Every structure is written in structure tokens, then in C-alpha cells.
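Peer 1: Since the structure of chain H is provided, determine the placement of chain C on it from the hints.
There are 2 protein chains.
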Amino acid sequence: MSAIRYELIKTCKQSGARLGRLHTPHGVIETPIFMPVGTQATVKSMTPEELKEIGSQIILSNTYHLYMRPGHDLVKEAGGLHKFMNWDKPILTDSGGFQVFSLGPLRKITEEGVHFRSHIDGSKHFISPEKAMEIQNALGSDIMMAFDECAPYPADREYVKNSLERTTRWLKRCKEAHTNTEKQALFGIIQGGMYKDLREQSAKEILELDLPGYAVGGLSVGEPKELMYEVLDYTVPLMPENKPRYLMGVGSPDDLLEGVIRGIDMFDCVLPTRIARNGTAMTSVGKIVVRNASYARDFGPLDPNCDCYCCRNYSRAYIRHLVKANEILASRLITTHNLHFLLNLMKQVREAIMEDRLLDFKEEFFKAYGYTK
Amino acid sequence: MSAIRYELIKTCKQSGARLGRLHTPHGVIETPIFMPVGTQATVKSMTPEELKEIGSQIILSNTYHLYMRPGHDLVKEAGGLHKFMNWDKPILTDSGGFQVFSLGPLRKITEEGVHFRSHIDGSKHFISPEKAMEIQNALGSDIMMAFDECAPYPADREYVKNSLERTTRWLKRCKEAHTNTEKQALFGIIQGGMYKDLREQSAKEILELDLPGYAVGGLSVGEPKELMYEVLDYTVPLMPENKPRYLMGVGSPDDLLEGVIRGIDMFDCVLPTRIARNGTAMTSVGKIVVRNASYARDFGPLDPNCDCYCCRNYSRAYIRHLVKANEILASRLITTHNLHFLLNLMKQVREAIMEDRLLDFKEEFFKAYGYTK
Numbered sequence: 001m002s003a004i005r006y007e008l009i010k011t012c013k014q015s016g017a018r019l020g021r022l023h024t025p026h027g028v029i030e031t032p033i034f035m036p037v038g039t040q041a042t043v044k045s046m047t048p049e050e051l052k053e054i055g056s057q058i059i060l061s062n063t064y065h066l067y068m069r070p071g072h073d074l075v076k077e078a079g080g081l082h083k084f085m086n087w088d089k090p091i092l093t094d095s096g097g098f099q100v101f102s103l104g105p106l107r108k109i110t111e112e113g114v115h116f117r118s119h120i121d122g123s124k125h126f127i128s129p130e131k132a133m134e135i136q137n138a139l140g141s142d143i144m145m146a147f148d149e150c151a152p153y154p155a156d157r158e159y160v161k162n163s164l165e166r167t168t169r170w171l172k173r174c175k176e177a178h179t180n181t182e183k184q185a186l187f188g189i190i191q192g193g194m195y196k197d198l199r200e201q202s203a204k205e206i207l208e209l210d211l212p213g214y215a216v217g218g219l220s221v222g223e224p225k226e227l228m229y230e231v232l233d234y235t236v237p238l239m240p241e242n243k244p245r246y247l248m249g250v251g252s253p254d255d256l257l258e259g260v261i262r263g264i265d266m267f268d269c270v271l272p273t274r275i276a277r278n279g280t281a282m283t284s285v286g287k288i289v290v291r292n293a294s295y296a297r298d299f300g301p302l303d304p305n306c307d308c309y310c311c312r313n314y315s316r317a318y319i320r321h322l323v324k325a326n327e328i329l330a331s332r333l334i335t336t337h338n339l340h341f342l343l344n345l346m347k348q349v350r351e352a353i354m355e356d357r358l359l360d361f362k363e364e365f366f367k368a369y370g371y372t373k
Numbered sequence: 001m002s003a004i005r006y007e008l009i010k011t012c013k014q015s016g017a018r019l020g021r022l023h024t025p026h027g028v029i030e031t032p033i034f035m036p037v038g039t040q041a042t043v044k045s046m047t048p049e050e051l052k053e054i055g056s057q058i059i060l061s062n063t064y065h066l067y068m069r070p071g072h073d074l075v076k077e078a079g080g081l082h083k084f085m086n087w088d089k090p091i092l093t094d095s096g097g098f099q100v101f102s103l104g105p106l107r108k109i110t111e112e113g114v115h116f117r118s119h120i121d122g123s124k125h126f127i128s129p130e131k132a133m134e135i136q137n138a139l140g141s142d143i144m145m146a147f148d149e150c151a152p153y154p155a156d157r158e159y160v161k162n163s164l165e166r167t168t169r170w171l172k173r174c175k176e177a178h179t180n181t182e183k184q185a186l187f188g189i190i191q192g193g194m195y196k197d198l199r200e201q202s203a204k205e206i207l208e209l210d211l212p213g214y215a216v217g218g219l220s221v222g223e224p225k226e227l228m229y230e231v232l233d234y235t236v237p238l239m240p241e242n243k244p245r246y247l248m249g250v251g252s253p254d255d256l257l258e259g260v261i262r263g264i265d266m267f268d269c270v271l272p273t274r275i276a277r278n279g280t281a282m283t284s285v286g287k288i289v290v291r292n293a294s295y296a297r298d299f300g301p302l303d304p305n306c307d308c309y310c311c312r313n314y315s316r317a318y319i320r321h322l323v324k325a326n327e328i329l330a331s332r333l334i335t336t337h338n339l340h341f342l343l344n345l346m347k348q349v350r351e352a353i354m355e356d357r358l359l360d361f362k363e364e365f366f367k368a369y370g371y372t373k
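So the protein sequences, as listed, match chains H and C.
What the first sequence shows, in UniProt numbering, is residues 1 to 373, in sequence order.
What the second sequence shows, in UniProt numbering, is residues 1 to 373, in sequence order.
Think of the hints as simulated: they come from the structure by calculation, not from any bench.
None of these values were measured; they are calculated from a predicted model.
A couple of the hints might just be wrong.
Identical chains blur together in the list; that is why a pair holds if it fits in one copy or across any two.
Claimed, not checked - Below, computed lysine to any residue pairings styled on SDA-like, alpha-carbon distance capped at 25 Å:
{"hint": "1", "residue 1": "367", "residue 2": "137"}
{"hint": "2", "residue 1": "76", "residue 2": "296"}
{"hint": "3", "residue 1": "76", "residue 2": "55"}
{"hint": "4", "residue 1": "324", "residue 2": "103"}
{"hint": "5", "residue 1": "183", "residue 2": "313"}
{"hint": "6", "residue 1": "44", "residue 2": "279"}
{"hint": "7", "residue 1": "83", "residue 2": "306"}
{"hint": "8", "residue 1": "52", "residue 2": "317"}
Okay, chain H solo, but in the shape it has when bound (with noise of 0.2 Å):
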């Protein structure tokens, strides 16, 4: 038995919609939804009760960090990764591959796997399928994420097709190798670039291996949106309709209703936490570099038509202090409204989905986000 179970409540009469519950080992998570990332075992500046408070489901987070930073052994023996970070909701690893590929000259692939170098000291490493899964099964996530390679953009097609074809014998070997199926649920991902018939070919390949769940990868990777909407108009009706369906690395509000309007169930992404801690807002009226001078004098909420803890009780003024002063209070308040925004947003998108309006939804919020399509 799969260790997770997805099941559809309904398609929104105005889009390719869905909203559905994904029962998993640690809760089930109603979507769509979008995950915080946990890339060290911490959601940064949060804790964990924090998380939940805003509505969180389920956080990310990264294989190829925990690996080499504490290593996957020492949290397989503090109990897994739930119990040494003290989250006790589902969790999903991707798989390294990632962050492996963007080491750039410090990795090599080979068809056995990838060789590269530790980014913080040094040394000589080497992820196969066989050890993403090893690592991924000792932290003990409720998903996990094949050993793929995400192609660059752009790239060429032949390029992307060796590319694709990698993954899915890549593919192969992590099913071969997950050794815990029935508490951790493994997702293949469907690469091929920009190409409607690469990402055909892998599908194709990738769904016979009928596995728990799909991500379309290989997305958000410094393509124009209108070329990523493009691929996911043509990528996602590929996908099985009773498993959920997982955009990776994607986050800003205006790719998450995109998506969400095409059929994706599940999304990541760095970006509400990385600008947070930069001093920037996402808020119902739009982007705020809450450090410009402007808000010098403006003891107005972060965000006017928010509740979240940082706008009850800060204002823009206060919070530009600390930024300024680079207080670790600032990325607090800010990655907590900024989390609040995304996970409040896809509260709302699921309402809409669920009352046939999310097309709607969308021309209102990007009115008033200040989306000029």
C-alpha cells in the first residue's frame, strides 16, 4: 500500500481546478497548497508552532543540505527528521539533484550518478539514485523526490532529451532502491524542458512506473512565465488525475494561480522567505521594500488587510527600524507575514475552487496586487 493517498473533492467549473485532500503518515494536507522550505531542518527565522499558526501543511526540505550538514545518518539516530526539528506534520525532501546540478564545475555526471564537491568544506562526494534514496529514507520524509536532473534554460533538444531519458532509468533505480514504501511515498518527476514532445516522452515513461504521485520539474529556471504557463498547458493533462501533481520551485502569487488554474495540487519555493529577509513584502496591495524611505513615517500595518501576528502589531515604520538595523526580529515578522500571504492566498484560491469562482478570484487579486495582465 502507498504510504500517502490522494483524493479529490472537486474541479472548479471555471478552471482546470482542483481541490483535493493528500492523506499522508503525518496528516492530511487540503490542496492546493504551497510548502515553506525547510532547506537546513528549520524554516528560516520560524519555529515550528510559528508554521502552524499561519496555516502551514507541510514544509520542504533539502536532501543535498542535510546530507552534508548534519548528515543523514546522525538525524536517522535523533529519530528522523520530524523528531530532530520538531515538526510533526508531513515533510517532503527533494532529492539533491538540484542543488547537486547547480554546483556547476564543482560536479560531474556520470550515468552511474554525480560526483561532486561539498560547497562548504570541500571535500569529494557522490549521490547516486541509490543514495538520494538511502538519505531520503534515513530522514524518513512522507515524500521523496527521485534523483532526476533539472535541465538548464535554455538548452538544446538533444541535450534535454539525453537529459530526460537519464531520469527516467535514474527513475528506475530509486523505486528499486526506496526501501520504505509504506511510510514514505516516492514521486517521480517529469522533466523535457521546453519541449512539448520531450515532456511527452516523459511522461510517457515516467507513468508506467505508476508511482504515488507526480512533479512537473525543469520549471522556473529563468524562462519567460508565459513560456512556463505554456509547458504546463500541454504537461499537466498528462498527468493521472487521481495522484497529486507538484510544481517545483515555484512561488511567487501570480505563478501560483497559474498553476493552480492548471491543475497543480502542490508548490515550493524559497522566494517568500529569501525577500523577507532581504526587507521585502508580499502584501495585498502589492510589493513593499519595506526599507525605502517612504516608510520611514508610515505607522500603518505591513500589509492593510492582513491579521497575521506582524501586522496586529507592528507598523511599516517600526519594522524599516529593524531592517535597517539588521535586527533578526525583522526577518521574523517579515518571513512570518510573508508565509501568512502565500498559505492565506491558497486558503482562498481553495474557497474559490470550491465555489466555482476562481477565475474570478484571480482578475480581483491581481487588481489588487497590481498585476498589470
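Peer 2: Frame of chain H, contents of chain C only:
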């Protein structure tokens, strides 16, 4: 009528320690007390709610820093420091003197006040006793400190004598300039370095001004601990019984106990928060440098005898991982623990005074903490 009132509950039969209550415009403080430091209108990494949860009754904030950034006029416009930073309990502000004198070659002392350059942008500034009062009146702290000179250690007798006499003249100007005596209490500071007769001279001159509270300044500036205790031995008895007594800049567990035993009611120090950010914890079994490799697989709590949020939920191994990975949560967890540790120590101290067993408590505590004396 004074803004504050000190109520002496009882004196310990084993020592000079006093149990008291300090009534302020923002509530009652049980003394003796440790005051966490919120230099830039935030106790680094903590929210006001978290500070309350661990028992903070009053915090200290720094006049120099707030004057430089965001500016006292801005804080006043925000409705005062309490409202600006969302803290509704008492606040004590220092005078800025200590920071300005610490600027070394960037400052020049005259009878009128101190000329200095900003540590942020090099701009020229001038703080006089009158200016220090203007700033603190704008901030709206419950307790304001006089603008004094904290003489360095070592310093020759003549320097210290001239300095304390100027401090007295400046205190008179402070008292004259302070415009909000019903809401804000001005404390005088006894100087005199490590010279008994100069401490006596300073106390005599300053007590004549009949202020609502008094501090001992110029200690914990590099002198041996035994010398600091000796100065307290002869200085504290010079201070009035019916006013709070504040020892500035002291916060190590042994110094807190030695200070209380000599009759001190209030303390502040950046030590617990600063060492927390470097990965060092104060615990019931002594100091712990969490970064050390020996804690890598230590799955027990930071302090085995602590029930704070950090110790209830996280292991030394996890906290060490966060420290090594430069994660903000490391600072949060250790800061929470360290402040809880000192605030809880002061709570135990108050109980021990109530039960006339403070010297016994000190002996037990020093033994557990690993002090050899």
C-alpha cells in the same frame, strides 16, 4: 509625585539582600530583577510576547542607538518607545553616555557635553545632559538614567575625581531639564571608580538631589571581580533604603548573586543575549559551548534541569546543527534559554530571600554551575 515608588518587603537574614516591589507607570516589578537589553528597540531575536513568557518584567533600551537610528523624534511620533516596539511593560533607558564615551577617538568631552561622530555614518553630533533628557523624554521610558561619565579602569585618582564631579554637575542639569517627572523617573549614578573616598564623595553629592532611584556606575569595566565586590561592599550601604539600587552592566550569574547579597535590586547586561548568538548557553550545569563537536550526537536538552521552550522541544544536537549552519533559529533558541535561565535564577533568588536562605542557595548554585569559589 515621583513616577515610581520602591516598596521594601523584607531583607534576607543571611545577607544584605532585599526583596521589594518597584511600582512604575507600566506595572509592578518584583525585585531583585535582571533586565534583558533591547539595544535598538528589540531584545535581539525575541518578540515581546516571548519575553513575557519567560518572565521579563522590564527591559532596557539604549538612548544612544535610538537617537542615532531611527531618531527619538520618530519614536515620539510613533507614540513613544513602548508603542513603537509593542512592549507594554516598564522600560529603562540608559543615558547614551556609556556608548558615547566608548567611541574613543570619535568623541571629545567638554563641560558642556560630548561631541562625537556617528558609528553608522560618521556624521557629527553633540549630547549634553539636556539633550540626553530631551531624548529620553521623547522615548517615554519609565526610568531614565542621568548623563554621566563612566570612568575607565584603570584610571588615576585625579581623573576619576574630576570625572565624578562633572557627573554631579551634569546630574543637576539633567534634573533641571527633565520635564516629565510624573511619568518618568530619573536615576542618579554614583561614580568614583575603585576609590572608596571618591565613591563616598559621589554618593554624598548625588543623594542631595533626592532622586527616585540610584545606580552604581563604573563597575564591570575590566576590574577583577573581587575588586567590584569590594567597591559594592562600601558603596551600597551609602545608598538610601527606600529607593531602588541598580548595578549597571552586570549579568553573569555569579555577579548577580554577589550583587544581590550586597543589596542591589536591579541589573542589566548584554551577556546572556550576546553569548547566545555566539552559540554559548548558560545552564544549571555550567556554560555550554554548543558549537563543540562533543554535542554533535547529544540528543538531550540544552539544560537538563530547564523547562523553557528551547529545552522542552530541542536537543543539543539540533541546536548545534543550527549554530553550525548559521540559522536564525539557533540565536532564538539559545537567547530564549539564556534569558529564561537568568530570569529564573532571579526568581529563585527572590524565593531564597523570602525564606532567609540566600547564602545557602548561592553555595548550592555555585557548586552546580561549576564555580570553584
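Peer 1: Taking the hints in turn, state whether each one holds.
Peer 2: A quick look at each hint next to the structure:
{"no.": "1", "hint": "367 / 137", "in the structure": "neither (45 Å within a copy, 45 Å between copies)"}
{"no.": "2", "hint": "76 / 296", "in the structure": "between (48 Å within a copy, 13 Å between copies)"}
{"no.": "3", "hint": "76 / 55", "in the structure": "neither (27 Å within a copy, 36 Å between copies)"}
{"no.": "4", "hint": "324 / 103", "in the structure": "between (32 Å within a copy, 21 Å between copies)"}
{"no.": "5", "hint": "183 / 313", "in the structure": "between (41 Å within a copy, 24 Å between copies)"}
{"no.": "6", "hint": "44 / 279", "in the structure": "both (14 Å within a copy, 17 Å between copies)"}
{"no.": "7", "hint": "83 / 306", "in the structure": "between (32 Å within a copy, 19 Å between copies)"}
{"no.": "8", "hint": "52 / 317", "in the structure": "between (27 Å within a copy, 23 Å between copies)"}
Checked against the numbered hints given earlier, the structure breaks hints 1, 3 and satisfies all the rest.
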